[in-house]
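S.K.: Protein sequence lines correspond, in order, to chains U and Y. Quick note on numbering: the first sequence equals residues 1 to 91 in our numbering. Quick note on numbering: the second sequence equals residues 1001 to 1457 in our numbering.
Hints are not guaranteed to be accurate.
No more than 25 angstroms apart at the CA atoms, straight line, and that leaves these computed lysine to any residue pairs for SDA-like [as the list claims (entries may be wrong)]:
(1) Lys1283/Y <-> Glu82/U
(2) Lys21/U <-> Val1220/Y
(3) Lys24/U <-> Val1220/Y
(4) Lys61/U <-> Val1220/Y
(5) Lys1215/Y <-> Ile47/U
(6) Lys21/U <-> Leu1266/Y
(7) Lys21/U <-> Asp1383/Y
It is worth saying that the hints were derived from the structure and are not from the lab.
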Amino acid sequence: MKRVIVACGSGVATSQTVASKVQKILNQNRIKANVEAVDIKSLDQYIPQSDVYIAITKGSKDYNIPTLNGIAFLTGMGMEEETNQLISLLT
Amino acid sequence: MDVLQNVFQYILDLGASVFVPLIMIIVGIAVRMKWKEAFSAGIILGVAFAGMGVVIGFMLDALTPAGQGLVERTGIELNIVDAGWTSLATLAWAWPLAFLMFPLQMGVNAILLVMNKTETLNVDLWNVWGKILTAVLVIGVTNSVALAFVIAAIQMVAELLIADVNQKHIEKVTGIPGVTVSHGMMIFGVFLLPFNWLLSKVPLFDRHIDANTLKEKFGVFAENHVMGFIIGVLLGIAAGYTVPETLTLAIQAAAALTLFPMVAKLFMQALSPLSDAISEFMKSRFKHRKLNIGLDWPILAGSNELWVAVIVWVPITLLYAIILPGNNVLPFAGIINISMAAPALIITGGNLLRMIILGIITTPVFLYIATGFAPTITQLAQDTEAIALDSGQMISWSTIEYPVFRYLFAHVGEGHLLGFLFVGIWAALFVLYFKTMKARKVEDDTAEETEYKENVM
């Protein structure tokens, strides 16, 4: 099963909000994937085992897996675009 | 009436891990969640309470003997364990009236928007817990539920107004347009304002430090398990433990810090259908207006300055805890001081050196207020039974968010003249913060432009 990670400052609040939302969208689209909230302080350890990274921040670092804009899921602006991209990455 | 009261009392006596899920299920069904979803969310909420109880108990069992060893060996009394924000969130959600904070938040935000007093729509509903914590602290100090809601409402207004004037600065730091941080921790900027003003007059502190390389090198120390391990080792040594005892304590400390967020996100999982529904509702009501979307602080987490500053403050906080007379808090689960870093990042415009110095100046404020609130917090834990404490065990939060606001407003209800005076001073500083940050826009723009040119050349 593919793994999607969402990171925020503690891996508790914002990341879990986005993770729950994304998981719901994926379930509705019948796409099987694990969406997990993680702590951004330990992000480097999670990246190698993940397929997609949904970022809440604009970091200075580039990762070698596809990275999506998590802010869109919080504000609702541009959410459809990010959703479509995520679906195409997972199927 | 008596019967009804008995029923309520019976339910409350079951403890937070039972009655809060019940409230969640009732609220969920009331806002037309599906039965199945509401039921599932309710149980997860109960699991979150039970899980937090397990981790907190584990942490206290590991740290309490070490704290006693420290006293016996050195006479330094750090008998209040810093249980961090996730534990305080557990206590906050255990308040029977906690869920009423959702409609209050929606109402205050809607009124300010309709009156054109704010441009910010706070969609970060999870953080009503900050207002709930303020409210329970007010009740703990004054015993007045009405006052608790009034002060929570004042906090909501302050958060939104600060989010308005911070928006430009946050957009610059994050590079994300149209968003701001409506989290209460930005309120601490009001207290930082005069110190930041003083520091900005000293050219020496205007030096630019490259945070990116430092973050790459030292970022590992901010990771929960590494931080926990190091604090465990230091504490073991200070308590006169043997090597095996020290290493065991270090692993236990690392385990506690690693497990806290894993368990705490269950709260979020349980509450997210509800908070999502509320934020969708609010967004649809105001969709014709161009608004700043108020989010939680982690949108700032891409700034390496923030992480470097919190790492530098860790040894400083530990040192202060030992040397400050009258501090009884043992910094642990809350030692990463985001409550300071987030507002300092914005008020200094990302000047790392000034951020670090602001932290050095004001860390004692956090420790003293954490010590001051410890009896209230410990009492709350015992009253709600959300956290089981042995007699003599005390907990607090070493980096309690917006400590000054919370302390002043919780204690003003006691009616002392000095209390009113301090709240008055705080209010004046708030106005000053509002005006300064609003006016600062242009100044910052030019500053960044010159910096950019220098980089290019």
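S.K.: Give a verdict on every hint.
M.R.: Hints, one by one, checked against the model:
no. : hint                  : verdict
1   : Lys1283/Y <-> Glu82/U : holds, 19 angstroms
2   : Lys21/U <-> Val1220/Y : violated, 30 angstroms
3   : Lys24/U <-> Val1220/Y : violated, 33 angstroms
4   : Lys61/U <-> Val1220/Y : holds, 16 angstroms
5   : Lys1215/Y <-> Ile47/U : holds, 18 angstroms
6   : Lys21/U <-> Leu1266/Y : holds, 14 angstroms
7   : Lys21/U <-> Asp1383/Y : violated, 35 angstroms
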